[in-house]
Amino acid sequence: MTFAIFLLFALMAVFSAVMVITRTNAMHSVLYLAFTVLSVAGVFFTLQAEYLGAVQILVYGGGIVVLYIFVIIIVNLDEVVAERRKLVPKIFIFAWPSLLALQVGTVVFLNRPAARPGPEGGLEFRALAEMLFTSYALPFEIAAVLLLAVLIGAVFVARRRLSRGPD
Amino acid sequence: MMSPWLADGLIPLAKILAVILYPMLMVIVMIWLERRVVAWIQGRVGPNRVGYQGILQPFADAVKLFFKEDIVQRRADRFLFNISPVLVMFSTLLAFCFLPLGESFRIGDYTLNLWVARSPVGLLLVLGLSSISVFGVIFGGWASNSKYPLLGALRSVVQVLSYEIPVGLTVLTVVFLARSMDLVRIVERQQESGVWYGFLLPVSFLVFWISAIAETNRAPFDLPEAESELVAGYHTEYSGMKFAFFYMAEYAHMVLASSLVVILFFGGWLPPFPGLKAFAFLGAIPGFIWYLVKIMFFLYLYVWIRATFPRYRFDSLIRLVWKWLIPLSLVNFLVVVGLRYLL
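The listed protein sequences correspond, in order, to chains A and B. Sequence positions in the first sequence follow this note's numbering and run 1 to 167. Sequence positions in the second sequence follow this note's numbering and run 1001 to 1343.
This is chain A alone, in the form it adopts within the complex:
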């Protein structure tokens, strides 16, 4: 039963992820992105990682995707869509996601993660925090530094280029 629900969410996630990159309307893409995020949260739930699922909904669903929508409305992507170049063969658009879907399928069918019970009925915060700050402390910090680098990079790219004074 859990496996069936897991499969449902996984297929929904893959389907909406494909829809994200095949829509020409940016707004529709974002809607499917939201569906992807929610489906992945569903996958987390069936894997008994409830905390991750809830954080996925709260942070990605409620925060980041909404910011995407905001940016799309503000920059008004209509012109960008109109002059979209058709250099990328259509086959790539479908080939990569279907390969990925295949991979998800094989991983699911060979390992059956949903059938395996989580540690003591799901990760508690304490266990999660201990894992993050002891055995995974270095990757965690590296991810934080990476985010900082991205932030600084974004500020650098988006900065207003002032003229170097009168000359």
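If you're looking for bench data, these hints aren't it; they were derived computationally from the structure. Incorrect hints may have been included.
Covered stretches of chain B, as calculated for chain A (at least 3 residues, CB under 8 Å) [unchecked claim]:
1. 1077 to 1085
2. 1115 to 1126
3. 1137 to 1146
Glycine included, C-beta positions come from ideal geometry on N, C-alpha and C.
Assemble the complex: chain A is given as a structure, and chain B must be docked to it using the hints.
Chain B only, in chain A's frame:
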């Protein structure tokens, strides 16, 4: 001995039905209450013709909306336009699954839980699901392809995103004291400690309540649908049942916010005066009655506030959250954590 057919089939089915009907019922009561109370406060009569004291007025409105023409303008984005009301409604109703309505009680050897789903991260889930309803608002506003809905949607996003920060920070203090994000557990902890968190953490409660009003787009923070500036904001172009969905979802969201306040800060289904022996007889009244009474109080407060305060200007709305509520809730969190370790 209860047959497994009843325990595993019929009762879950009844719960699924209840989790849809209960918010709808509250919405109907709330619509009537709001129109009547605002009318009284403003020295008018309000709806009093349909049924006793006009209590059937919301049903009459619903029937009217059913038979209205369903308009989609030609330049609208049909797909997003049609899916937005569903998104708003679905996310709000889904959040109700995680709200406990009362303590579980036993019938024979069967334990009936007054919640649909209990999760160790129930609080996060309710907050996350209720923040997803902003999708419907912004997609609806954008897909209408019209100026006023778009402006309303933009205002709504800025407002909801900003006010989610103080909500998160104040909820954190409750989680810190209860040492759990399980909504049932949070209420049980308030029973164990003998004091409701609303009295222990008055700052948290006030910040949470103000932010909850802003997140539900209610007066005095109802800028996304300010009728004097934006006609009706993001749902200007909607008619018929789609409009009804937006309308009902807003009220359901208010019920959700009130329920959260009651569970987090006012002891959920616990009877008042938990520590005093003299008031122990109040425990004879079933928990969900207390719960409903408390929710109704906060719903009434919504209406009262709406009729009392004038609408904020947009810049002062944003200043309020970024310059006052967020620093206040940060300091509040540090103080609570500090006191917990010092005392």
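These are the hints, each one checked on the structure:
no. : hint         : in the structure
1   : 1077 to 1085 : holds (count 4)
2   : 1115 to 1126 : holds (count 5)
3   : 1137 to 1146 : holds (count 4)
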